[in-house]
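S.K.: Residue numbers (the working numbering), protein chains in the order written: chain B, 1 to 552; chain Z, 1 to 362.
Rather than coming from a laboratory, the hints here were simulated on the basis of the structure. Just to be clear, a hint being listed does not mean it is correct.
[Claimed, not checked] Computed from the model, here is a short list of chain Z residues facing chain B with C-beta under 7 Å:
id : residue
1  : 61
2  : 64
3  : 79
4  : 80
5  : 83
6  : 84
7  : 91
8  : 92
9  : 187
10 : 228
11 : 231
12 : 232
13 : 322
14 : 348
15 : 350
Glycine included, C-beta positions come from ideal geometry on N, C-alpha and C.
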Amino acid sequence: MAGHHHALTRRLLTLAGLAVGPVLVLGVFFVLPVSGMVALGFWPDGAFDPGGVLEVLARPRVHRVAWFTVWSASAATLLSVVLGMPAAFALHRLAIPGRRLVRAALLVPFVLPTVVVGVAFRELLGESGPLGFLGLDGTPVAIIAGLVFFNVAVVVRAVGAAWESLDPRPGEAAAALGATPWQVFRTVTLPALRPAVVGAASVVFLFCATAFGIVLTLGGVRYATVETEIYLLTTTLFDLQAAAALSVLQLLVVTVLLALAARLRAVPDPSAHRAVVRARGVRVPDVPAVAATGVLLLAVAAPIATLVAGSLQTTEGWGLDNYRALTTTGDDGALLVPVTEALVTSLRTAVDATWMALLFGLVVGIVVTRRSHTRTERRVRSVLDGFFMLPLGVSAVTLGFGFLITLDRPPVDLRDSALLVPIAQALVALPLVVRTIVPVLAGIDDRQRQAAASLGATPWRALLTVDLPALWKPLVAASGFAFAVSLGEFGATAFLARDERPTVPVVIFRLIGHPGEMNYGMALAASVVLAAATAVVVLAVERLRVPSVGAF
Amino acid sequence: MTTRLRARMFAATALLVTGCSTMGGETAEAPEPSPSTPGAAEEAGGEVVLVTHESFHLPEKLVKAFESESGYDLTTRAAGDAGTLAAKLSLTADNPTGDVAFGIDNTFASRPLDEDVFDAFSPTLPEGAEDHVLEEGADRLTPIDTGSVCVNIDRTWFEEEGLEPPRTLDDLVDPAYKGLFVTPGAPTSSPGMAFLLATVAEYGEDGWHDYWADLIANDVKIVDGWEDAYYGDFTQGGGKGTRPIVLSYDSSPAFTVPEGADESTTEALLDTCFRQVEYAGVLAGADNPVGGQAVIEWLLTDEVQSALPTSMYVFPVSATATIPDDWAKHAEQPTEPLEVSPEDIAAHREEWLTEWQDITTR
């Protein structure tokens, strides 16, 4: 009994030891800044006065804004899942030629600056565009389409990674017993995929609910979301009470959502078998999934094609002038650095953000998936799991200003640290990493680790031989994600980036913000370069793989 | 075997990470100590930090010249738009992130002034700059540049259509121009806000609501940002726009002169303009207030003032600065822009924006 007690204490200590690093980081870079900003609203003149905040929550406009945020984000999430599932299957389970390229291409929207995508969408949907007859410009439908465009890759990648390592044998057995493909999917595959699907959906929802640029660009001024409202209240109206009220509202909604998602993610048997499965050839029943993937690809490609076409347009017809200009500082030296140099900055920052996100993600993943022995332990793990998702659900404006007012004195005087940008980006990427690797980690049978341990393997070696082979693919997928998030991130970066070393999205924003014969074309060309760079890096990362260890 | 391979791969990744990381680059790119220039001011020295918005930009040559002449190392921290800058400065009033700030304009000036963000400093102003000093806060904020937000028209479009182009704000509600005007919205765009202020100045605090209702009835298109309006909807924006009237700047026509042509294809309507003036000030509690003062004096030199049009798309406040030829020829400044005082703006901003949103999203 005493021995058992001792073992339990050790387990909890190990858990705490592993968790302390990420928790500390999140505490300093998230909890502290956000509480600092919210406190300004609750203590307007130094005295506690929550009345102002509560009064804001009663405004009809706030209700309207909150309702629009929730329903548009929900619709976009649902659509992303419905469109993303067939593609996740086709691109991760079937041996379709060029699937790796397609997978990388689907990540491209993720890095495109929203300003540029907004203009591209409007060229398609606008009054004179090829889809103008639909009359969608400036409607919620356009906003939702934009949100899906940006986020469908999350579903494809996160669900695909789980699907890829799903043991096919239960499904095959069901089929052999006479189940139709649909029955197999519904009764065998879907339940096993549920943690991944719910995880991806919650990430997409958080991205959609906090989307900023795309809502403004595609919705015009007519539609405000909680995020755009916080920006307006903080920077234009300097109404910190109202901003704090909305931030608190946002946190509440996100917490409720995460609790709900955690419940939905739980599966009766988390130790469904994992295996590294070879992709198989396309069979007749796969045709709808492949066709759906094709349609999705076309839908994603259309706005990108508009961008590419625009970037090739010069004053004398078609040409590469805009691309050539990227190595210069623009018309009349409008840019501080050539885009080529900004690309180097972007890539370097992305490397930092990626290793940070992977490191934290792995630790968090291990902490939250190890089998719990008591209820309390399980509860602690599940709270931690949700905690690391929070940064996605909170306004970047609140966080950015929070940095300024809370990280301004020793020991944490970090306001001007070059590390702040990659750290902020890593926090955004962390939930994606966690959600991609956790379903797989949770699926590894703990008995394998126990077996390894009883054969004399150290915990480190057990991790290397048991976890890593199954984890490798999702880890690679997650690093691609993190990289793309970092390359495309604009909000926090623009707020924190020091002018001497702007990233590509910051440069693009500068180009498109001013009139000038070539500025618009150069902005488009820079976006295309950014997108291509992302695709190349993601493709290269996906080539890294451990030699196949085969099915167990 | 596989373990060794993995180990090797980790080593390679580690190498890659350290080689590519920003931290790896930090040491290599750390600013070299500036070579001591003979004649550099002896008492001056050290770092001076300029806090500004994302549109700030000056040629490197000028920055280098400033550094070698004054002996300071100039660090520029530029981020966010003008509103973000004003909020940032106000929030960090007791512990500023730099020594001097540039980019507070007349629409945002009163908030940081109220929060005592700036220390008093009144340099000798160049000729012409006197016209732009604030009524309140002149002792703390120095005018550096000015630019007006004006309705712009596509002259070629009106010529081809055989339609007389509009000239005034009144004209924009004329049914002859129905569906031709696009403007960024006031809550999301600084020129959009300036345009709302122009209508407040023109029609009064009680009259602008009706004007905007008429604009809506005349099918004005309201978009998020200036770039959406100009590149997305304006017929001269290079995209596929369909609207020949856009809200832009007085300097915009200088950028739409076709190669080899004498005249710009666009024109700013000078009776529709609201003038924005950008100011600089020394931050209260700065580590290097003297350096901050030197930066403001430098911003007022003819060299910097003359670089403003091409670097920041704005006009210098100094009458002795030279402006580029195409600006002199094609970008005309309004002589009597519409005005609303910074105090009025601060007192009514929220109310006006709320009412504006009610009218435009009705």
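S.K.: Against chain B, run the beta carbon of residue 79/Z and see if the smallest gap drops under 7 Å.
M.R.: 5 Å, holds
S.K.: Classify the hint on residue 348/Z as holds or violated, based on whether any CB of chain B lies nearer than 7 Å to its CB.
M.R.: 11 Å, violated
S.K.: Go through the hint on residue 83/Z and say holds or violated, using the shortest Cβ distance to chain B against 7 Å.
M.R.: The hint holds - residue 83/Z has a Cβ within 7 Å of chain B, the shortest such distance being about 4 Å.
S.K.: Taking the closest Cβ pair, is residue 84/Z under 7 Å from chain B?
M.R.: 5 Å, holds
S.K.: Does residue 231/Z pass the interface hint, meaning its C-beta sits closer than 7 Å to a C-beta of chain B?
M.R.: 5 Å, holds
S.K.: Using the nearest Cβ pair, does residue 64/Z come within less than 7 Å of chain B?
M.R.: With a closest approach of 13 Å, the residue 64/Z hint is violated.
S.K.: For the hint on residue 322/Z, does the least C-beta distance to chain B fall short of 7 Å?
M.R.: Result: violated, 15 Å to nearest chain B Cβ.
S.K.: If you take the shortest Cβ to Cβ gap from residue 80/Z to chain B, is it below 7 Å?
M.R.: 6 Å, holds
S.K.: A closest beta-carbon separation below 7 Å is what the hint needs, so does residue 187/Z meet it against chain B?
M.R.: Residue 187/Z check passes; min Cβ-Cβ to chain B is 5 Å, inside 7 Å.
S.K.: Does the interface hint hold: is residue 228/Z within less than 7 Å of chain B, judged Cβ to Cβ?
M.R.: Because about 6 Å separates residue 228/Z from the closest Cβ in chain B, which is inside the 7 Å limit, the hint holds.
S.K.: So, as I understand it, the hint says residue 92/Z touches chain B; can you test that by seeing if any CB pair is closer than 7 Å?
M.R.: 6 Å, holds
S.K.: Let's test the interface hint: is any C-beta of chain B closer than 7 Å to that of residue 350/Z?
M.R.: The hint holds - residue 350/Z has a Cβ within 7 Å of chain B, the shortest such distance being about 5 Å.
Figure legend: structure checked against the earlier numbered hints; hints not met, in rising order: 1, 2, 13 and 14.
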